[in-house]
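Trainee: Protein sequences, first through last, are from chains H and P. Sequential numbering from 19 applies to the first sequence in our numbering. Sequential numbering from 128 applies to the second sequence in our numbering.
Misleading hints may appear alongside valid ones.
Facing chain P, from chain H, some residues (calculated, C-beta under 10 Å) [what the hints assert, rightly or not]:
(1) P23
(2) K25
(3) V28
(4) L37
(5) A52
(6) E56
(7) A65
Some chain P residues flagged as far from chain H (calculated, every beta-carbon gap over 12 Å) [unchecked claim]:
(8) M162
(9) D208
(10) G227
(11) G240
(12) V265
(13) S276
(14) Q282
(15) T286
(16) T293
Hints were generated in silico from the structure; no laboratory data involved. Where is the CB? At the ideal position from N, CA and C, for every residue including glycine.
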Amino acid sequence: MTDTPMKLVVNCETGEQTLEPLTAEEIAEMEAQAVEAEARRAAEEEANQIKAELKASAIAKLTALGLTEEEATAFASN
Amino acid sequence: MATSFKAIATATLTSTATSITFSSIPQTYTHLWIMGQAGTTATDAPAIYARPNNITSSSYDYANIYVDSGGITQRNALNTDRSLGLLDMTDSTANSSNTGFEIVYPLYKGGLGNNTYLFNANSQRTATSVSNQASWGVSNVNDTNAITSIVFSLQGSGTRSFAAGTKITLYGLD
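If we strip away everything but chain P, and leave its shape as in the complex, we get (with noise of 0.2 Å):
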């Protein structure tokens, strides 16, 4: 049972911005949870990646299930460079904040092995042409460091920027 649960930031979004990273995250929790929710000004419904330690290379194995109005899927890699999107967004830019989520970094302080986390998602979207969304997931990356921060970005090649309104709070549980 937790017996500490606290807020340690927010990022809020004013403008676009391309990433978001929470730097010198504090190393006194046992755990760490990540609710937040974001919008998007591409037009091609991006996914979320989210990686710790700012970890670019392949280095991540994932497994996640999805479900829209297409049915039940689910997606899986190793050795791959992202912990997966955790969820294609919307391609409105009138809703700032249609995708919902949360994700879990279970002893996030390191040297138990590897770094895990796991991951919930759910899209509403505004177009027609996509329909609403929601995922769950879980994913290992091959890291044994301490997670000191966390890097939100837009999958895709160009430049892809969340939307102002996006607001993502970190915090920490004993």
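Chain H on its own, in the form it takes in the complex (with noise of 0.2 Å):
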């Protein structure tokens, strides 16, 4: 069986702590919210990883065209 998640809620006007367990609302809510910011979070890295690989592949093509590598990752970079 698997523990209730706890929320901490600090209540900065009177310093209370309270640890509180999360409803079955807010927890389905948190899971749909996770999967949804996971799929974008992968997508990000993957528009990322992409950039990464084409920055890559024209410093390679730069330099076999007889730029430095510095002045070819000087110029993939602008």
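Since each chain comes alone in its own frame, lean on the hints to assemble the complex.
Mentor: Okay, here's the thing in structure tokens:
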């Protein structure tokens, strides 16, 4: 059996800390948000990976044309 | 020059929790500053998310640079649903405070434009599968309201928890 997930809420006016169990609705909402967030994160990671691969490809082609790696990197970074 | 610097509240976990919320943040300061140390019971090094006013819609833009043993990497995104994880965390439950971080929310009382913030973090891992990491970033959230709450949670699907020993302090500055 899994423990009930808890949340800590700190009231900044009173300083009171309350550790409360998440309601079933909160758990469902959190899990739905997490799944959605993970899909977006994966898409962003993929997009960043594609950018990095394109940059590496550009550097390789530029160095093949005779640029130094430093020159190619500077050019591809713009 | 700051004329006032005061600890508003501290959240300290003595057992695990999936989220940590600072609520009813007073509107009597000019800026907010957060210092924290956190760990997780998750086994796959999730990042920490910090969401002002618990905004979970696609309202965030961010830019982030981090360095680890693999070199320097930059990440960025527009119109996403988070401020960017502060940092990936350890996969060891033995060290409950391996990630240290700070966040600054300048001019948090709203009415001036979108809320922005800066963050710095470092992660000192005990696992051999991942290296230590240091990170710097900036973020914009498309929300002009005063920040009255900040919610910390963890990346990924399923229920993830902060470890006992996690401690986050919220300060107010004038």
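Trainee: Against each hint, give a clear statement of whether it holds in the structure.
Mentor: Evaluated hints:
For H/P23, the interface hint holds, the least distance from its beta-carbon to any beta-carbon of chain P being 4 Å, beneath 10 Å. Annotation: H/K25 was flagged as interfacial toward chain P, and the flag holds, the nearest CB pair being 5 Å apart, inside 10 Å. Because the closest C-beta pair between H/V28 and chain P is about 5 Å apart, less than 10 Å, the hint holds. Using the Cβ-Cβ criterion of 10 Å, the hint placing H/L37 at the interface with chain P is satisfied: the shortest such distance is roughly 7 Å.
For H/A52, the shortest C-beta to C-beta distance to chain P is roughly 4 Å, which falls under 10 Å, so the interface hint holds. Of the supplied interface hints, the one on H/E56 holds, with its beta-carbon coming within about 5 Å of a beta-carbon of chain P, less than 10 Å. With a least beta-carbon distance of about 8 Å to chain P, the hint placing H/A65 at the interface is held under the 10 Å criterion. With a cut of 12 Å on Cβ distances, P/M162 stays outside the contact zone with chain H, its closest approach being about 14 Å.
Here P/D208 does not stay apart from chain H, with its beta-carbon only about 6 Å from theirs, under the 12 Å limit. Under the 12 Å C-beta cut-off, the non-interface status given to P/G227 relative to chain H holds; the minimum distance is some 19 Å. Taking the minimum C-beta to C-beta distance to chain H, about 24 Å, the non-interface status of P/G240 holds against the 12 Å cut. Non-interface call for P/V265 relative to chain H: holds, since the shortest CB-CB distance, roughly 16 Å, exceeds 12 Å.
Distance to chain H contradicts P/S276 as a non-interface residue, since its nearest Cβ pair spans about 9 Å, not more than 12 Å. With 12 Å as the threshold on Cβ separation, the claim that P/Q282 sits away from chain H is violated: the shortest Cβ distance comes to roughly 7 Å. P/T286, annotated as away from the interface, has a beta carbon of chain H within 12 Å; the closest lies near 5 Å. Some Cβ of chain H comes within 12 Å of the Cβ of P/T293; the nearest lies about 9 Å off, and the non-interface call is violated.
In summary, the structure is inconsistent with hints 9, 13, 14, 15 and 16 from the numbered list given earlier, while agreeing with the others.
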